[in-house]
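**Student:** Residue numbers (UniProt numbering), protein chains in the order written: chain A, 1 to 175; chain L, 1 to 251.
Hints were generated in silico from the structure; no laboratory data involved. One or more hints might be untrue.
Claimed, not checked - Some but not every residue of chain L turned toward chain A, in silico, with C-beta under 8 Å:
1) 60
2) 79
3) 114
4) 117
5) 118
6) 121
7) 132
8) 135
9) 206
10) 207
As the list claims (entries may be wrong) - From chain A, some residues computed to sit far from chain L (all C-beta separations above 10 Å):
11) 21
12) 31
13) 60
14) 81
15) 126
16) 129
Ideal placement from N, C-alpha and C gives every residue a C-beta, glycine not left out.
Each chain is listed here by its residues.
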Amino acid sequence: MSYYFAIIGTRDNPLFEIDFGTSKGGADGAARFRDEAKHMNQFIVHAALDMVEEIQWNNKELYLKKVDSFQNNHIHCLLTGGNIKFMLLMNPDPTSTPYSAYQTSPPSRPSTARQSTLLASNPTTPQTEDAVRQFMLEVYEAWLKCIMNPFYQVNQAVTSPVFRSRVATAAKKYL
Amino acid sequence: MNFHNALMKTCVNPEGLWCLRLCRTAIVGVLLEAKTANYIPIPPAKPFQSTLRYPSNRKTIYDRNLNRTKTTEISLASFAYLFNTLITYHHSKSSSVSEIESRLNRAGYPIGIKMLDLLLYRQPPRSATRPTRIVELLQFIHGTLWRALFSRSADALEKSTTKNNEYMIIDNEPLVNTYISIPKEMSQLNCAAFVGGIIEGMCDAAGFSTDGVSVHSAGEGDEMWPGKTIFLVKFKESVVEREEAIKASGG
């Protein structure tokens, strides 16, 4: 179970990236993405921006819930008032994701009972949405504190290690 | 390249043909491998060296509270002093009245961008909604923004009767102009251009781009409100078109 989180600016430019794993059930919180996934994640999240733009005028919520999925990657999004997109990609089992050879067969079933209770295996349940919402709102708060800095301008990349640790803490707490 | 070196070696090898064949199998092998691995791994990022300096009490901006209480309100006196300095600075740098106004506008612009998200955050959790229609956005500015900045709503919100992309927000007595009297030779100047910049920033951030927010004094001859100011918001045609498309699709 691994996550990739990116903040995308108003010109579809990445401002912040982090990947992490779940910390639930005694897991170590490290991402288990394969090498290949490193660029595929960026690619999949970039593609999902289209879906965000499609619904952003008909959904007034900040948290847009699940917007897109590709193979067994599911993407949730929070859109801030200032048109900044928080994209969270979740993948229950990155080792079984066949990125390069696209398969039409159904996605791999979770192998164990424990896995089926994972958030990422059920991307649209209220439980998952609640956890992601709380994670997103906590990041949103840190994000606001970041942009309130008078030296921060729109679409500047965020490099603050404090911000990074805030995001990591929120991830540990909720995901 | 190592592979080329290997090829050169086999060619000078006296054992000739056999070695050459072996070499070709190697080439095919390498090609096959390249075919299956049809992605380029991303090199690991360089370790980030932070130049962040912590304040002496170790509290960063991330430890601050974003919600406002009565005790953290800014006094009008200190705001008036700061605003006075801002105007003096821009006055000394500009050669015309319109340049002062555009400079004040630019000073307000980033504030508008940031205020939008801040005000959304301050709304009760789960009820915060992004403004997605022109009227919603204007009501947000007229109500929420004005209350956050000046502790009261603006006085009126009107739509132009002749053009469908122009809206007016009217403030009878702009707080920013409280301690400003305009000299005669600059009678066109209205320092509320700063607030106009804030409005423009907020519209832009919300995805409603404008052709600028112009500020007009309308208090001449008005005995009740001599400082009456009109903020004229001109939305771009594309914004109006998008709005109509959403309405047509039943949104």
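**Student:** Each hint should be assessed against the structure and marked as holding or not.
**Tutor:** Results for each hint:
no.	hint	result
1	60	5 Å, holds
2	79	16 Å, violated
3	114	6 Å, holds
4	117	5 Å, holds
5	118	6 Å, holds
6	121	5 Å, holds
7	132	5 Å, holds
8	135	13 Å, violated
9	206	6 Å, holds
10	207	5 Å, holds
11	21	18 Å, holds
12	31	13 Å, holds
13	60	4 Å, violated
14	81	4 Å, violated
15	126	13 Å, holds
16	129	12 Å, holds
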